[in-house]
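Number of protein chains: 2
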Amino acid sequence: MPSDVGDHTERELIARIQARLPPPPSWMLVGIGDDAAVVEPEKNRVEVLSVDAIVDGVHFDRAFVPPDAIGHRALAVNLSDLAAMGAAPRLALLSLILPDTLPLADFDGIIGGLTALAAEYRVHVAGGNLTRSPGPLVIDVTITGTVKRRQALTRAGARAGDEIYVSGTIGAAAAGLRLLRNRPSPEHVVPSTADCGLIEAYLRPTPRVRLGVWLGRNRAASACVDLSDGLADGVHRIAEASGVGITIDADALPIDAVAREILRRQDGDPLLDAISSGDDYELLFAMRPRMRRYVLGASRHAAVPLTRIGVCTDDRAVRLQGAGRDLPLPCGYTHFRRT
Amino acid sequence: MPSDVGDHTERELIARIQARLPPPPSWMLVGIGDDAAVVEPEKNRVEVLSVDAIVDGVHFDRAFVPPDAIGHRALAVNLSDLAAMGAAPRLALLSLILPDTLPLADFDGIIGGLTALAAEYRVHVAGGNLTRSPGPLVIDVTITGTVKRRQALTRAGARAGDEIYVSGTIGAAAAGLRLLRNRPSPEHVVPSTADCGLIEAYLRPTPRVRLGVWLGRNRAASACVDLSDGLADGVHRIAEASGVGITIDADALPIDAVAREILRRQDGDPLLDAISSGDDYELLFAMRPRMRRYVLGASRHAAVPLTRIGVCTDDRAVRLQGAGRDLPLPCGYTHFRRT
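Going down the list, the protein sequences come from chains A and B. Under the working numbering, the first sequence has 1239 at position 220, and the numbering climbs by one with no breaks. Under the working numbering, the second sequence has 1228 at position 209, and the numbering climbs by one with no breaks.
Incorrect hints may have been included.
You can't tell identical chains apart in this list, so a pair holds if it fits in one copy or across any two.
Below 25 Å or equal to it, Euclidean Cα-Cα: the simulated DMTMM-like pairs (lysine to aspartate or glutamate) are [what the hints assert, rightly or not]: (1) LYS1167 - ASP1270; (2) LYS1062 - ASP1127; (3) LYS1062 - GLU1182; (4) LYS1062 - ASP1214; (5) LYS1167 - GLU1059; (6) LYS1167 - GLU1061; (7) LYS1167 - GLU1139; (8) LYS1167 - ASP1288; (9) LYS1167 - ASP1023; (10) LYS1062 - ASP1334; (11) LYS1062 - GLU1031; (12) LYS1167 - ASP1334; (13) LYS1167 - GLU1219.
These aren't lab readings, by the way, just hints derived from the structure by calculation.
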């Protein structure tokens, strides 16, 4: 008989997670099952830590996001933060806030999606916490990684003249989300191949870990941020932290072609939609012009296209030019004050 | 005019947190404001990590727990986990899941309670995440600390013949919670001095960090756990992880005297209530009999009484004897399957 997480003890649920984990590495001295995890630090590295929560109804919707994609996303958003620092991921702590009515099969699906991505990036689940809640499902993941001290990427190193790059394409996830939201019934509408690509971009984003680590190791980027709050927001963050202006070339933005059509059909301004959507987990980075020869190597190593989209200036203006526009770059997405 | 967090941007709220933080220590290379924090590991130490979430309506109730006590609790439960490992706390990451309607004054109060406790234990807030939610307030704290490798306390080192100790008293927090729940109106009922002590024990538990670190440093405890899920649960955890039996002497349990009266008045079995309540953040530990001479020193150093309440046995039975009883120790509190 199908059951809900509310029918099971915390220990039973933890056992279901443990069953999906590989054997712990030698540096994990105490893993799941004590009051805390104990790990040996990595020699000659500094440690990078981040936490990010996703909430049902805010960052995803259980009505159209399958459980494995929820688990995937919960870890991917954290991997993306580490990538933006140039750090290699190491371990994760999972804090799951579960409604009693969450079906056990969905719990297993979420854990399955998360542990599959963890295995792909060699992230070891070191512990966590389970709690029931009268509210929506929340998955909060803490991640740690390591990087050589002088190879850590921050938002603060860009200088006037540096060029701005973005990985992959933008807008695909936003378009995928629109498609999912507008499907009258998930069972009865078979999306086209092109639509499937967009939906997949939304459901299972690829964190750019290989790219971030490569940029850090080669000291190829002067500043880096991920697009978790959208491209426009990322540009502002680098400009502010580095004390530079940035001009973005609207004609150069790698907006996914299929996504552009879908966004246009629904809203009217696919460009503004694509740069303010928070679901593209790409990296945005600045690079000294003399490092341009690294672009091809980075792109090949990380198996993702890189596009030059702008330049840092010595005024403090953050502008969007081209495609018939010349305006201050909008500030993008914020979690609060949205409505 | 009073405002809610929903009236403010994420950045404004982060700025309110930053305003309450002391200058970062030299080992914090990148703090709040980038994609992740970057820290220098502590030399010759292993790292201890834990995460714990508290949820409105499950672990506290905004109807009768003031904001500063919510913030205090969110960090205290994590400090308690580190204490149980013998680790000195170092940094925390805050993940706040906020209903839009949370008054800004309450947000400030929560942050104030949390940062005050952080300052007391020299825990540095290295970063975090804010998100809105249609559900209840959730505060999820990740904490890291450090300990020398051979001084880390786990649940697994107890042997037959080891004696079981508990710090402080038990039952006070459970009684304090009853008092708070049953007050007809917080404004109009002034609690007695004795009642205030219980309410305070519930609202602002003292994590036993000094005790845990001392026990680890002197290798005085063979196993240790905190009472976050109740004394009975803690005893079972040590017994199971160490592969021993444990007999608890019911007559020896340091149940708070005032709490005993309140629990008796309301339920009938103050002893079972006190050992199964999850709100006492005391430490439970095992000690070789030859280490008994350390007890006074530990108690003085940590400024908390220590009481011998039981002994480890070479069968696997976990029993409660004395006070006219001889029965298997109940399994205590679990977060799921409670209703």
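Quick rundown of the hints versus the structure:
no. : hint              : in the structure
1   : LYS1167 - ASP1270 : neither (37 Å within a copy, 56 Å between copies)
2   : LYS1062 - ASP1127 : neither (35 Å within a copy, 39 Å between copies)
3   : LYS1062 - GLU1182 : neither (34 Å within a copy, 38 Å between copies)
4   : LYS1062 - ASP1214 : neither (46 Å within a copy, 52 Å between copies)
5   : LYS1167 - GLU1059 : both (16 Å within a copy, 10 Å between copies)
6   : LYS1167 - GLU1061 : both (10 Å within a copy, 15 Å between copies)
7   : LYS1167 - GLU1139 : within (22 Å within a copy, 32 Å between copies)
8   : LYS1167 - ASP1288 : neither (42 Å within a copy, 58 Å between copies)
9   : LYS1167 - ASP1023 : neither (45 Å within a copy, 42 Å between copies)
10  : LYS1062 - ASP1334 : neither (41 Å within a copy, 43 Å between copies)
11  : LYS1062 - GLU1031 : neither (36 Å within a copy, 37 Å between copies)
12  : LYS1167 - ASP1334 : neither (32 Å within a copy, 50 Å between copies)
13  : LYS1167 - GLU1219 : neither (34 Å within a copy, 46 Å between copies)
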